[in-house]
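Protein chains: 2
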Amino acid sequence: MDLQTLNTPAAVIDVGRMHHNIGRIQAHLDALGVRFRPHVKTTKCTHVVDAQIAAGAQGITVSTLKEAEQFFAHGIRDIVYAVGMVPAKLGQALALRRQGCDLKLVADSLPAAHAIAEFGRTHGERFEVWIEVDVDGHRSGILPDAGLLIDVGRALVDGGMVLGGVLAHAGSSYEYSTPEALAAIAEQERSRTVRAAAHLRAAGLPCPVVSIGSTPTALAAENLDGVTEVRAGVYAMFDLVMHNIGVCDLSDIALSVLTTVIGHQEEKGWAIVDAGWMAMSRDRGTQRQARDFGYGQVCTEHGDVLGDYVMSAANQEHGIVSCTGSPDSGIAQRFPIGTRLRILPNHACATGAQHPEYHAIGEDGSAQTWPRFYGW
Amino acid sequence: MDLQTLNTPAAVIDVGRMHHNIGRIQAHLDALGVRFRPHVKTTKCTHVVDAQIAAGAQGITVSTLKEAEQFFAHGIRDIVYAVGMVPAKLGQALALRRQGCDLKLVADSLPAAHAIAEFGRTHGERFEVWIEVDVDGHRSGILPDAGLLIDVGRALVDGGMVLGGVLAHAGSSYEYSTPEALAAIAEQERSRTVRAAAHLRAAGLPCPVVSIGSTPTALAAENLDGVTEVRAGVYAMFDLVMHNIGVCDLSDIALSVLTTVIGHQEEKGWAIVDAGWMAMSRDRGTQRQARDFGYGQVCTEHGDVLGDYVMSAANQEHGIVSCTGSPDSGIAQRFPIGTRLRILPNHACATGAQHPEYHAIGEDGSAQTWPRFYGW
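The listed protein sequences correspond, in order, to chains W and Z.
All residue numbers for the first sequence refer to the numbering used here, where the first residue is 881 and numbers rise by one.
All residue numbers for the second sequence refer to the numbering used here, where the first residue is 881 and numbers rise by one.
Read the hints as simulated data drawn from the structure, not as lab findings.
Any given hint could turn out to be false.
Said to hold, decoys possible - Below, a sample of chain W positions facing chain Z; criterion: calculated Cβ distance under 8 Å:
(1) Lys-921
(2) Thr-944
(3) Gly-964
(4) Pro-967
(5) Ala-968
(6) Leu-970
(7) Asp-1016
(8) Ser-1020
(9) Pro-1024
(10) Gly-1027
(11) Gly-1143
(12) His-1144
(13) Asp-1163
(14) Arg-1214
(15) Ala-1233
Note that the Cβ used here is the ideal one computed from N, Cα and C, for glycine as well.
Work out the full structure: start from the sequences and follow the hints.
Right, dumping it as structure tokens:
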């Protein structure tokens, strides 16, 4: 198999770019003296995760217990499930720990802490729990100076569980696009999480792990004093949202969707392609950013960016490719039926999830099938 | 298995509502005297398609050749692949026809018609081809009065292929929301497609099939003179986009995502749930409609609509549930951790695609697993 013989639409990974991206973040965090724990939700693909670990990553982050099960079966023991634990999932978590998985849970409330401790005691299991800290009002977590932080820590310890540390995710970093703003939100993520850890320790509670991260803050961080590990996911592929934020070049984006031109509406300057939102995802993450790429940036089959051509609209299995400036009346000659193009996605996590497998393209154009999974 | 024991997030089908929706469109089209060919891209699920055929549907519409392969393996022969044919996929289409599948192809250009005819002659296969007609400028197709229509028809017939008919899809029907406007676009879809068929016949070309359809126009059509069959897909499930268009009640929506409350930000009036965009899809189809439901309408576990509560934001595996009016400061008491909710989706095709299976809930709350497939 090679690039030229793949059926379309297909999710394609440029393996050289992927290794470059993986090496870049690892070198940055090595230099800052912290461990790196990649988030596998972006690719859900053992081939990619093997490359991340070979480059120096220690353990993984998951967004579902299915990811934990799949990667534990693949041989990875050190896993943090970075979504607030809900009582009904404790049986699934227990089964993983009983099989030898060093699974860490997350809680940000007293009801969750009590439920974990009660279930753990009932089943003779000392769950390790990390407390989620809210560093930017983005989503979940306890404010670093809130008394609730200590109450939750104490409920876990008094309940017989292992308080493993604190965890934060500066999801609001996606809203910035200058080096200064990114460095500032990275420092806010670091300092608030470290402060939460200090509060726990001052209250006589253990807090060995201080875990933070998002792709923008991980790459923008200049100082990680007090942090023990960083988490990030999308950096391995990058995407147009990350490009608009300013943490990668278009030529760093390792994931694209290979597609074929199936028709035209010449007077409108449209080429119709066989990748619609089913292949790209419905993610319109660049819609409110500096540059709106529609459903994606058009490139040649070999990955060279075609300046002003984007997928401007999408139905389920149809995409409309057009020029962002004035309509290209010669588009049928430029991209005749059968022309193969590659589309860089807005959001690599969302686009990857639409595909049962990646096609990993080597420097010589050869294609390997890398399966990925989905569901819960 | 029953509703109460399903893991979350999960895609749930209310079987009673589904049968009601399937029966409604079938009765409407039976009364108008046309055949009905459901589009299986919405569910990609044999259980749903079996119910559609049991209700009277004749043949199916597919958006990918994988759908054709899967449903042909399930025993369905009469299939139209309603996406413009691209030369590289002709081998796959040929294999299906050689196995006995009555697969119909679609073309809207001379290059595609010539490619199909040439490939067919080379391999001794008389492909049946339908010509796509553009009835509303929405996407693909040839304008009904364009001379190109006759040229393509003649290229197919002279090339030794079977010209099976014309096919149109009034995708712009999604932009309307009054009965009058929907009836008008339905009539436009009908009259323009019938006119295209008349032009072909006047030129001495065959045109046995006149196929039109979208869920809004199929339900709004009052007269289908000259039409031989209608196609529609999302009607079996319905969704919030269809509700805003005005073709279903909220209580008709058969698909929802079951989710569990995992935390709160009380001062913001947020409940955090374990269904994010991975479970709902990134589809924001109601964003520009009369009522924006965010990522979905919140219901109780048993499917009763909870008025002003929507999923207002979503990350990959986190959803934020909030009240569209003023923040609900009592949300943690209203929806404690562990509360199970159901979220009606914006777009049933996109939400279903995120899930490996549906859980079909009967009147008694029992749950059956109905697998669905994805990919190409």
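key: Broken hints, by number   = Numbers 6, 7, 9, 10, 14 - these are the hints that the structure violates, sorted from lowest upward.
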